[in-house]
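*Asks:* Please take these sequences and the hints and turn them into a complete structure.
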Amino acid sequence: MRLVILQNSATVGEWSAKYVMKRINDFKPGPDKYFVLGLPTGSTPLAMYKKLIEFHKAGRISFKYVKTFNMDEYVGLPRDHPESYHYYMWNEFFKHIDIVPENVHILDGNAEDLVAECNLFEEKIKEAGGIELFIGGIGPDGHIAFNEPGSSLTSRTRVKTLAQDTLEANARFFNNDISKVPQSALTVGVGTVMDAKEVMILITGAHKSFALYKAIEDGVNHMWTVSAFQMHPATLFICDEDATLELRVKTVKYFKGLMGVHSKLIEGI
Amino acid sequence: MLSQQATVFALSQVELPQRLIKFKNCRILRNHTIIREDLWVRNGKIINPEKIFFDEKGQAHVQIDCHNAIISPGFIDLQINGGYGVDFSYDINSVEDGILKVSKKLLAHGVTSFCPTLVTSPKEIYHQVLPKIKRKAGGKHGATILGVHVEGPFISIEKKGAHPENCIRELENGFDTLEAVYGDISDVSIITLAPEKPRVPEVISELVRRGIIVSVGHSMADLIHGETAVKHGASLITHLFNAMMPFHHRDPGLVGLLASNEIPDGKTVYFGIITDGIHTHGAALRIAYRTHPKGLIIVTDAISAMGLEEGTHRIGQYSIEVRDHKAYVAGTNTLCGSIAPMDECIRVFLHETQCPIEFALEAASLHPATCLGISDRKGTLNYEADADFILLDDNLIVHSAWIAGECVYENNKHSIPKVDVQPPEN
Numbered sequence: 001m002r003l004v005i006l007q008n009s010a011t012v013g014e015w016s017a018k019y020v021m022k023r024i025n026d027f028k029p030g031p032d033k034y035f036v037l038g039l040p041t042g043s044t045p046l047a048m049y050k051k052l053i054e055f056h057k058a059g060r061i062s063f064k065y066v067k068t069f070n071m072d073e074y075v076g077l078p079r080d081h082p083e084s085y086h087y088y089m090w091n092e093f094f095k096h097i098d099i100v101p102e103n104v105h106i107l108d109g110n111a112e113d114l115v116a117e118c119n120l121f122e123e124k125i126k127e128a129g130g131i132e133l134f135i136g137g138i139g140p141d142g143h144i145a146f147n148e149p150g151s152s153l154t155s156r157t158r159v160k161t162l163a164q165d166t167l168e169a170n171a172r173f174f175n176n177d178i179s180k181v182p183q184s185a186l187t188v189g190v191g192t193v194m195d196a197k198e199v200m201i202l203i204t205g206a207h208k209s210f211a212l213y214k215a216i217e218d219g220v221n222h223m224w225t226v227s228a229f230q231m232h233p234a235t236l237f238i239c240d241e242d243a244t245l246e247l248r249v250k251t252v253k254y255f256k257g258l259m260g261v262h263s264k265l266i267e268g269i
Numbered sequence: 001m002l003s004q005q006a007t008v009f010a011l012s013q014v015e016l017p018q019r020l021i022k023f024k025n026c027r028i029l030r031n032h033t034i035i036r037e038d039l040w041v042r043n044g045k046i047i048n049p050e051k052i053f054f055d056e057k058g059q060a061h062v063q064i065d066c067h068n069a070i071i072s073p074g075f076i077d078l079q080i081n082g083g084y085g086v087d088f089s090y091d092i093n094s095v096e097d098g099i100l101k102v103s104k105k106l107l108a109h110g111v112t113s114f115c116p117t118l119v120t121s122p123k124e125i126y127h128q129v130l131p132k133i134k135r136k137a138g139g140k141h142g143a144t145i146l147g148v149h150v151e152g153p154f155i156s157i158e159k160k161g162a163h164p165e166n167c168i169r170e171l172e173n174g175f176d177t178l179e180a181v182y183g184d185i186s187d188v189s190i191i192t193l194a195p196e197k198p199r200v201p202e203v204i205s206e207l208v209r210r211g212i213i214v215s216v217g218h219s220m221a222d223l224i225h226g227e228t229a230v231k232h233g234a235s236l237i238t239h240l241f242n243a244m245m246p247f248h249h250r251d252p253g254l255v256g257l258l259a260s261n262e263i264p265d266g267k268t269v270y271f272g273i274i275t276d277g278i279h280t281h282g283a284a285l286r287i288a289y290r291t292h293p294k295g296l297i298i299v300t301d302a303i304s305a306m307g308l309e310e311g312t313h314r315i316g317q318y319s320i321e322v323r324d325h326k327a328y329v330a331g332t333n334t335l336c337g338s339i340a341p342m343d344e345c346i347r348v349f350l351h352e353t354q355c356p357i358e359f360a361l362e363a364a365s366l367h368p369a370t371c372l373g374i375s376d377r378k379g380t381l382n383y384e385a386d387a388d389f390i391l392l393d394d395n396l397i398v399h400s401a402w403i404a405g406e407c408v409y410e411n412n413k414h415s416i417p418k419v420d421v422q423p424p425e426n
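From first to last, the protein sequence lines stand for chains X and B.
In this text, residue positions in the first sequence follow our numbering: the first is 1, and each later residue adds one.
In this text, residue positions in the second sequence follow our numbering: the first is 1, and each later residue adds one.
Just so you know, not all the hints are guaranteed correct.
[To be verified] Derived pair list, reagent style BS3-like, types lysine-lysine, alpha-carbon separation capped at 27 angstroms:
1) B:K136 with X:K95
2) X:K33 with B:K57
3) X:K33 with X:K57
4) B:K24 with X:K51
5) B:K57 with X:K28
6) B:K57 with X:K57
7) B:K160 with B:K326
8) X:K51 with B:K57
9) X:K50 with B:K51
10) B:K24 with X:K18
11) X:K95 with B:K24
12) B:K24 with X:K50
13) B:K101 with B:K132
14) B:K51 with X:K51
15) B:K294 with B:K231
16) B:K51 with X:K57
17) B:K45 with X:K95
18) X:K22 with X:K57
19) B:K136 with B:K159
20) X:K124 with B:K51
21) B:K57 with X:K124
22) X:K50 with B:K57
23) X:K95 with B:K57
24) X:K64 with B:K24
25) B:K57 with X:K126
26) X:K180 with B:K51
27) X:K57 with B:K24
28) B:K51 with X:K64
29) B:K134 with B:K123
30) B:K136 with B:K101
31) B:K57 with X:K64
32) X:K22 with X:K264
[As the list claims (entries may be wrong)] From the derived model, a few chain B residues whose C-beta atoms are all more than 10 angstroms from chain X:
33) R135
34) T228
35) D393
36) N412
Honestly, the hints are just simulated from the structure, not real lab data.
Keep in mind the model is a prediction, meaning the values are calculated, not measured.
For every residue, glycine included, the Cβ atom is placed at its ideal position computed from N, Cα and C.
*Replies:* See the structure below:
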């Protein structure tokens, strides 16, 4: 496991965008060789998307041969609702880049048969050859995608009922009316993300610091689902200073000491 | 990496009506705000690209780089008597040619739709001319014709302005008189009349029932007359301040409609205002703008001499002298009408009122469209609206005009010299 500690959320965005760009460009994707990317939504990755758009507009990266799979989507929310993840992905990322619509995969929360939709999603990931790089964020309770506390660490893509805490946290996006917050979501499982060749998790802000502590210093525990990635062969946590507040000094010093090594990850771009 | 060879064409060579066109690198006027956003067009309509992306998995066939231009809905002129030597009310033997000529020339000023306006005329002229001016979709041949604006003859003699006095009439038999005088009104969109005339309220009701917009003007009306007309369905004031009683604090006249508390709930009274910098004083523009911005519609009220060179021109029975961008009765200092084109009127209005650019543009697009009840398809860049729009720079100089997604005018002098027409990105 790697932990890259950066100044603030903007630098986290820039660093992670550079890393994604380097990974894709080094991969040399082409018509017979697509780069498969797992994507998150939420506020944390916004800065990364902005930077990727900037790099794209500067001609430094193309998404023509990139396939994407998104982590999750609400059930029953109209696709053009500003809180839907389709809306987010279109407005914050896809409309600005050269990605081919056929290569974009987002779970359809309005599908007639939700279980079939989830199974099909797993199939499509398999067909695409698995995910090369899965990018994720986490919640303050350590959830990754909608794998909330207590989710099986071997879970697959499925329908998930949302915890009361999540509904309350999300109410602010629905005019503070909790009855309007979707009660369930479709989400990739922890196991789905674990299958990715590499996982990159972005964590910023003091309110996520306890989750980061649980993720990397405490043991693997399904009450903090992100901790499962301790068992993943290639996980990269990227956080800002604020998110390290609950870590031990020793941990922070150790990873900061490795910064020289980590900087090589985005060298030459 | 993205070294696709961009093919460069002139805008007017882009003839791809069925194709999916993406205008990029532009700022578009949507929901009263200029935002950085691409504009997608197909089959002559503005479309929602999100649906294309997720439902059709489609991509733009053509991308047009707008070089940071502002995209505004095309301008709509509700009052224009002619231009380029054409007078709609007098050139009765070449009505179609005259309309065609003006509609084509208007494109250069960003006008993509208009209401040809007829001044007070004898009955025979209406019977001859009205059937020849049909509503007609725009295109390379010219701006869309939204129907005729007939100004008069049921107006006030005292406020006749440049209208011939001997043709002014009363509505002796109410709507029957109106029909007898005009003849075929199936392509009439707006009728200007003086609300103080006997039997006007019932005539207004009937016109509104038939879907015609009634505008009050050329009138001695007091505020009560105006309010009565509005209650019967009138919804527009013709060239505010001009040819009406001046504002008086004990009887504000038609101007008082801007601040009347007798307007039915939910109704907006619109008013045309000539913003050529001559026919309405800057302070009057500001009063109108600050009092009732929602109803403000910029009109040119242009006459035949618009677009003509300086000098004396014989038009119909008149001799008009164009001097210092003003039109005079030849050999006199009497102004005979407005000759400022729409884009200039908008720039004057913006300068005089210091309003937001968005407002100035909407006062010549969204507002007239809403007044006519066609804002679902004209005067807006919302999804599913007609792709009638213009590209402008920040000084509001028109660079190009588009109707139904087709480039109908391109300014060679100022702008965007060429556009990049690129193949789809896959």
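*Asks:* Is X:K50 within 27 angstroms of B:K57, Cα to Cα?
*Replies:* Holds. X:K50 to B:K57 sits at ~23 angstroms (cutoff 27 angstroms).
*Asks:* Taken at face value, is the distance from the CA of B:K326 to the CA of B:K160 at most 27 angstroms?
*Replies:* holds, 21 angstroms
*Asks:* Just to be careful, I want the Cα atoms of B:K51 and X:K64 compared with a cutoff of 27 angstroms; is the pair within it?
*Replies:* holds, 20 angstroms
*Asks:* B:K57 and X:K126: Cα distance at most 27 angstroms?
*Replies:* This hinted pair holds, its Cα atoms lying about 21 angstroms apart.
*Asks:* Could you check that no beta carbon of chain X comes within 10 angstroms of the beta carbon of B:T228?
*Replies:* holds, 43 angstroms
*Asks:* Given the hinted pair X:K22 and X:K264, is their Cα-Cα distance within 27 angstroms?
*Replies:* holds, 11 angstroms
*Asks:* Given the proposed pairing of X:K33 with B:K57, does the C-alpha separation stay at or below 27 angstroms?
*Replies:* holds, 21 angstroms
*Asks:* Holds or violated: are the alpha carbons of X:K64 and B:K24 at most 27 angstroms from each other?
*Replies:* Measuring from Cα to Cα gives roughly 18 angstroms; hence the hint holds.
*Asks:* Please work out if B:K24 and X:K51 have their alpha carbons no farther apart than 27 angstroms.
*Replies:* Status holds; Cα separation ~19 angstroms.
*Asks:* CA of X:K180 to CA of B:K51, is that 27 angstroms or under?
*Replies:* The given pair, whose Cα atoms are some 24 angstroms apart, holds under the 27 angstroms limit.
*Asks:* Hey, does B:R135 actually stay past 10 angstroms from chain X on C-beta?
*Replies:* holds, 34 angstroms
*Asks:* Just to be careful, I want the Cα atoms of B:K136 and B:K159 compared with a cutoff of 27 angstroms; is the pair within it?
*Replies:* Status violated; Cα separation ~32 angstroms.
This entry does not satisfy hints 1, 19, going by the numbered hints stated previously.
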